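Participant: Sequence positions in the sequence shown follow mature numbering (1 follows the signal peptide of the UniProt record, and there is no 0) and run -30 to -1, 1 to 1123.
Hints listed in this document are in silico derivations from the structure and should not be mistaken for laboratory results. Be aware that one or more of the hints could be misleading.
[Stated by the list, open to error] Quick list of simulated restraints, FRET-style, between CB atoms:
no., residue 1, residue 2, range
1, L311, P1106, 23 to 29 Å
2, S777, V729, 31 to 37 Å
3, N610, V729, 16 to 22 Å
4, K166, G421, 24 to 30 Å
5, I137, K583, 48 to 54 Å
6, R481, K122, 29 to 35 Å
7, K166, A322, 54 to 60 Å
8, E1104, S1019, 28 to 34 Å
9, I836, L311, 53 to 59 Å
10, P774, K166, 46 to 52 Å
11, I836, P774, 24 to 30 Å
12, S384, R709, 30 to 36 Å
On a predicted model such as this, the values are computed, not experimentally measured, just so you know. Ideal placement from N, C-alpha and C gives every residue a C-beta, glycine not left out.
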Amino acid sequence: MHAATMLTKALRTIGPVVIFVLAAACAAQALYDAEAVRLNNRGVALMGQQFTERAADTFSEALKRDPRMAQAAINEGIALLTLQRLDAAKKVLQQAIAIDPASAQAWYNLGLGQRSNNELEAALASFQRAAAIDPRDVDSLYFEGVCYEEMKQFEKAIAVLEKALKINPQHASAQFVLARSLQRMGQIAEAREHFKIFQHLSSTKISTPIGLSYGEQGHYSTATPVEMPQAVQRAMIPVGLVAQSMVTGASAPAFTTTGGACMMDATGDGQMDLVLMQSGVQAIRILRNLSGGKFEDWDAGASGLKASGQAMACAVGDYDGDGLNDLAVALDDRVLLFRNLGHGQFKDVTAASGIVPRNRPSGVTFVDYDHDGDLDLLLTGAPLKPGDAPNVLWRNDGNGTFTEQTEAIGLNGSGQTAAAILTDFNNDRAVDLVATGDQPSPLIYVNPREGKYPTQPLYADAKLPPTVGIAVLDFNKDGWMDIAVTHAGAPGLTLWRNVESADHAGRRFERVALPLKGALRGWGLTPIDIDNDGWIDLAAIVDTRTGPQVRVFRNRGDGSFEDVSHALGLDKIALSEPRGLIATDIDGDGAADLIVIQQNAAPVLLRNVGANKNHFLRLDLTGLADNKTALGVKVEVFANGLWQKWELPGASGYQTQAPPQILVGLGDAPGIDLLRILWPTGVLQDEIDLPHGRVIAMKEADRRGSSCPVLFVWDGHKYKFVTDVIGAAVVGHWFTPARRNIPNPGEWVKVDGAEAALVNGKISLRFMEPMEEVNYIDQLRMIAVDHPENVEVNPDERFLDNPPFASGRVVASAKTRLPLGAWDGRGRDVLDQLRRRDHVFASGFTPLPYDGFANLHALTLDLGAIKPNVPLRLIMTGYVNYFSATSLYGAWQAGLKETPPYVEAELPDGSWRRVTDDAGFPAGQERTMVMDLTGKLPEGTRRIRLMTNLQIYWDQVLIDQSSDASERSTEVPLATATLRFFGYPKQIDLASPGDLDYDFNLISLTGPFQHERGDYTHFGDVTPLLKSVDDRFVVFGSGEGIAAEFDASKLPTSPSGWKRDYFFYAHGYVKDMDWWDASPFTVAQMPFHGMTAYPYSKREQYPDDAASLAYRLNWNDRFDSGDPVRSYRFEFQELPSTPRDDLPANSPAGSGR
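Construct all of the structure, not just a fragment, from the sequences and the given hints.
Facilitator: Now the structure itself:
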């Protein structure tokens, strides 16, 4: 859970503690030292920002300032528990109890510390004290039941858990532990029913089970502020809005503006120019930014921006990913698309794009609705004819063309629509859409990832008039985006708070009171921090009986607003039919200004004078794998105890789009402590130590989110990277709308015997997840393969799309040789690159914009003379830059599909004949695959070519025609397997794109990755789960893995002149956290070997017998919410690991407590 959620829980759900604190807020200064209060509350903010060490020190300092403040001691104890300093935590919590023996929170956290230290009797007594003080606290009763269960007093556990569930039947963790206690008592049917309830509560997010991280061990486990309200109700500093003309020169042509406008660098000089919508022969007008708040007319027609008619609205976005923002213009009868050529020149590409009139537009916005990294186009408006839809969605095909998808995803709408905006209102990482119009309520289109969008009305108040403009903002800092709309009638403007739905499974909106009187209707609106105090305010254009006005409503920080329009001087400003409203720092002075777009009149700049007495920051964001304009990005800013959340929405307000920037007020903070960015395709990025300045330009980090689990072997000095494993075991991988992959759950990989050093007769391996997949591992095996020194052995493995998959058997090769010649896809001689395994690769292709894809290309080989009547195998070493599900989707849109390697043979007449279809390719990082061509080539063939459009890099190719090479295989039994948190080994990017190594001695305990939500296997010994293939998986996620040892002490001695290699085998499944993969953000559905597809239908289910139930209840009892609860930046440090002193199973990074 992020900082805002933690703070909200602290304020709303902590129970009597906070109720008392808030009731006594006004008296807090009298009760406690003011500086101690400030330090305590700063520590709470630091906990939310994941600066736990600093928070603990701050709480300690607060307690020293005022030893009477029990809350500071409790909070310090919570911080120390999070840092796993159990003895210190217990000591300070006992100090808190001495100050306030009636604090349920102090007893509760003491119990957490005692239980973490395996002091079950003491922990039980502490939780009982907490429950006695707060009898309706279900979390205290839950942990009381957990203690009884861990003490094997199951009847007492059942009794107290049933008591907890009478108070709150939706406590997911109580349902789980009750199910496990019943199962251990032999009451299988009852256990199964409670486990099903647990699954329903957790999968639907009705209830979040108790987790291991800060803030997830019950509401009392969150650090609590002593005083908040007085800190957020400060008066506004002196600020005024001064009207000034935007156009220099007395000879400016008359304005025929319609009210629509957007801002972009149209002239190519780096300044944000104003693009105005007009009516007439030249419907696009550019006001060039001369800086300092001054603009001049610029010849839009000469730049290629030619349009005639009634222009309504415009949208800015880099639809083709070339780094230049393009322009879409909605006229009342069509839409035009202009490609930015740079240097102030544009080209009308509407015809080439395939976009044609499908409605009568009123608004337009770019949006990456399908999260494929390119910008699509959504138009609102009126139907062309009765029965048509008012909305039109054009999907970007990634090749310069667009395809209409309105009906396919259910965005048609009804009546007439006015404006649309993108927002992730339910925080599921999928961009939703909200459209205003003449219907009873704005309609929210909830993004389901695939299929038609379900809809939900913003509100149910039928008395409100139709809606016009729309904006999104998190005004109350709870982490959920709220929505403001203007109306075509009184009250002119309404604000709607995003709250939990009654069934706890979704979101709904409730109206927020605004001090707005006398408004007859509303037009444009925009979020703005008018005084840079760090609380987001709201500005809107309204019509009144005395004329149109701009009103500004200042956020007081307590959920209420004040109208500061008079204080800003807005009641003295005369306007002429104002429509659009844009917030931007036009003159770069560190204060957000307003631009008012008027009909048939020049725009008016309302320059902000005074807000820059508080600090300010402008964020300029650029996507990398995402759309370059960064539309849909989520930003969190932490600064000196303040927290804010923003989204970059594209079009906003009414027929307007502000610059693609985020303007952040910082109050008295000179800079930001932490910048957290969630890019639309899922890349998480944390930045600290940023410069203190008014502008920060931030580019999306170049990070892959998903990777197969990787294997390391102890070589006597360190754990050495071998390769990644079971890349072909991914489940639910998207290929086309009608096809997902068939997973291959097992893979053998070779471990060079020279790199495997025995320790006490054992081979030590580390098998872990370095990015953010969830892994379901069913079996680990190893065999020792002895062979003559002049014989090479490899497993028969390769990536194949469909079964039958490779056999995995040992392939022994003697007297291998190079081809006589080799040429890459560009016709270059690459035989030298293929001579040895040295990470110097043959490629010869042109990468396409879709990850993993290239032009169709060949690796051509001259095999020389082929011996008849003996095997013919190619021993090929290389790696593949994998395609992701998202890149497959993008390629499919552009009419491309993956072409796995196939083999063609050259015939005597110079033509080529295909002799194999799917020949396979290396299944991930560098490894050796075997391609068997025995009996497949026409007689006399010398030259073959391997054709593919995948990015495959070849390191070595050898020809093997041996038939009797010797080898001996012996099973190496699994001795121990321990699941634990390892952290993130330093990734080393080698010279070739995508070629990697890892340094297992250089570890970061944090990284830019998330966990899928769900139930994971608990840390510790998991050896029994890995002995056989039985659907009893070891489930682990990002940064976690298995420390495995295989007992080689009883292996037979290798014959003289022989050497020994090892083959490691993993059997299981993996699931990517990729937008287009099935259920990418949850551990569920649990795969199983009998499933016919993934995701599987309701007709199939994971085994439900008694043994399977016992496995899930007794092994998979470590829940992760999937919410951001830790730092998302790498902080590497030397943490050398050996087979003797590896990270313990209860490491701070692994368990949280």
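Participant: Each of the hints needs a verdict: does it hold here or not?
Facilitator: Going down the list of hints, with the structure as the test:
no.	hint	verdict
1	L311 with P1106: 23 to 29 Å	54 Å, violated
2	S777 with V729: 31 to 37 Å	32 Å, holds
3	N610 with V729: 16 to 22 Å	50 Å, violated
4	K166 with G421: 24 to 30 Å	26 Å, holds
5	I137 with K583: 48 to 54 Å	51 Å, holds
6	R481 with K122: 29 to 35 Å	53 Å, violated
7	K166 with A322: 54 to 60 Å	55 Å, holds
8	E1104 with S1019: 28 to 34 Å	32 Å, holds
9	I836 with L311: 53 to 59 Å	54 Å, holds
10	P774 with K166: 46 to 52 Å	37 Å, violated
11	I836 with P774: 24 to 30 Å	25 Å, holds
12	S384 with R709: 30 to 36 Å	34 Å, holds
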